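Generate the whole structure from the sequences, applying the supplied hints.
Counting in my numbering, the sequence shown runs from 1 upward without gaps.
If you're looking for bench data, these hints aren't it; they were derived computationally from the structure.
Treat the numbers as computed from the prediction; the structure is a model and nothing was measured.
Accuracy of the hints is not assured; some may be wrong.
In silico DSBU-like pairs for lysine-lysine, Cα to Cα no more than 35 angstroms straight-line [unchecked claim]:
| hint | residue 1 | residue 2 |
| --- | --- | --- |
| 1 | 97 | 9 |
| 2 | 97 | 63 |
| 3 | 63 | 9 |
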Amino acid sequence: MPACIDLRKAHLHRQHGDLMAIYTWINGERALVLIPHLRPGAPWYVVLDSAAYRYDNPAYLAKQCRVACGVLGIEPSRPNWVRVATIIHEGLPDLIKMPSEPSWERAGREIGTLVAKLDGREIAAEAVTVGDQGAEYVRA
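Structure (structure tokens):
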């Protein structure tokens with residue numbers, strides 16, 4: 001399932017030279033997304049909330065920032081990966097303090113595809129979505 005970011009619905013965004021740090025939600029999880037905004041169509045580097053604690057380890061942060069440079073199309077020289085590391089590390093508190101995804105974002109989310117096959121051939125496919133009905137209380 002591809003990720004799509006609507007900047008009008010992002011929680012926060014900050015520009016760091018040629019990189020944009022966008023604080024948003026991907027599949028219901030808080031995420032810090034680095035985008036090289038001067039190069040349309042360039043890949044993104046994503047730090048999900050569930051992995052944010054790892055970026056507090058300096059060795060892990062340095063290793064992943066070299067990877068991030070490769071993904072973002074930036075030369076992985078020391079000044080560049082240190083710049084990416086600074087953006088990520090200084091952004092972690094904002095990522096962690098970010099609110100959960102608003103309920104209007106969850107409604108109608110596609111969670112998979114239902115495929116019908118006949119003799120091994122696909123004859124129909126339909127997106128499976130989950131509506132936001134809210135909490136359900138069941139008597140014990």
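> Checking against the hints above, which ones are violated?
Replying inline: none
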